[in-house]
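These protein sequences, in sequence, are chains B and Y. When we follow the working numbering, the leftmost residue of the first sequence carries the number 1, and every step to the right adds one. When we follow the working numbering, the leftmost residue of the second sequence carries the number 1, and every step to the right adds one.
It is worth saying that the hints were derived from the structure and are not from the lab. C-beta: ideal position from N, C-alpha, C; glycine also. Treat the hints with caution; some may be incorrect.
Unchecked claim - These stretches of chain Y come out as covered by chain B in the derived footprint (C-beta under 8 Å, 3 or more residues):
#1 18–30
#2 45–52
#3 99–109
#4 127–133
#5 146–155
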Amino acid sequence: MRGGAGVVTDLEELRGVLAERPAVEFTTVDLAGVMRRGRRRRRLRRLPAAAATVVVLVGAVAGAQLLRTPGSPAVTTLAVTAAQPERRTAAPIGEVVGTKTVDPEGEVVLFFEHTPAGPDASPYQLVLGHRTGDGGITAELATGSRANSPGFHALTAGRPGQDVPLYGYYSGPATRITAQVDGLMYSADTQRVGALAVTVFWFPRRDTTVLGGIATVPMNAYSAVGDSLPK
Amino acid sequence: MARGDSEFAEFVRAVSPRLLHAAYLLTGDRHQAEDDVQTALVRTYTSWPRIRRQDPFAYARKVLANHVIDRWRRPYREQATEDVPERAVERDFTAGVADQEWLMRALAPLSARERAIVVLRHFWDLSEADVAAELKVSLGTVKSTNSRALAKMRVTAAERHSCAAGQAS
């Protein structure tokens, strides 16, 4: 009901006027700008935690160097390795893990090969290759590991648009592997290689935009009961 | 685009018209409304991994309302008054003044909090308890502020209960 002077006096009518479309045209929300500023805010929020992580990592690396022979390289499991492409016939040990990622050369596979054992090197390396149409296995990207200790190893960048964006293996009882980028968590596909007591993992192609070409990435490993495992 | 980002983009497409509408009611200024919605969405995106499985729309609405109130708390922007206008803002139908123009003039004398409570209560249709929770004020504050705001607008506070029967009280 309206008042005698033409004034809105009724609450329901006020609600009706509030619901009316405004007589102005709004510009479209700048989605890219929103997400860019949001990511910056997330990074700023994480700064204290990141600083603490750096301190811990630096301490861990320094400690590891003290325990090694002089001149031996430090181990960092969070840096992504860029393997040199090659193409040869593979000599897998243990099972060949199919990633269910298929391209014209066949299914992308991951497996292990023996490497010359050293005092501070793993006796095997992780290899990415293809299972070809005739059942053969090719080796294309090989990544050795400087240690055989529990934790992440051979974290390697795939070839964007060709195979998987990121892969590696975890030495220990991991059943779930995640990467965290811009505050978002990405889960890897995993398969246990029991013969070596390791878990091979790889991120599917749909994560290439985020993980492809990345130089370092925070990784987490979890046991079957959800406990966080050492990196 | 990552899954979370795709979901957020879809969320923005779905909610931005209504958020812009609410921001315009809260500010009375188109450009300010656009800036405030942009800010609310940035904060929503910042917390997206945490809130995406909860109620992101409620989160964005809450951020928007509180952001507008916080901005208006700055002294140079404060336009609040406790006084009820001597004369109600008249709605000039004969001159063809649009409802929106009347509404903007009626909302203008309200403080930021009064305006926010009117918008949350009568535009978003939240309960008084929900308004209190979103603005982190007491239920009594919501009730008294709502009454004062409606009085300033010369709108009777008695609500009609017409939902089912279509009858007005």
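So, going through the hints one by one against the coordinates:
Beta-carbon proximity to chain B at under 8 Å applies to 5 residues in the segment 18–30 of chain Y; the threshold of 3 is reached and the given coverage holds. Coverage of the segment 45–52 of chain Y by chain B holds. Counting CB-CB distances below 8 Å, 4 residues qualify, and the rule asks for three or more. Coverage of the segment 99–109 of chain Y by chain B holds in this model, with 6 residues showing a Cβ closer than 8 Å to a Cβ of that chain against a need of three. A count of 0 residues in the segment 127–133 of chain Y with a Cβ less than 8 Å from any Cβ of chain B is obtained; the coverage claim is therefore unmet, three being the minimum.
Residues of the segment 146–155 of chain Y with a Cβ under 8 Å from some Cβ of chain B number 4, which satisfies the need for three, so the listed coverage holds.
In summary, the structure is inconsistent with hint 4 from the numbered list given earlier, while agreeing with all the others.
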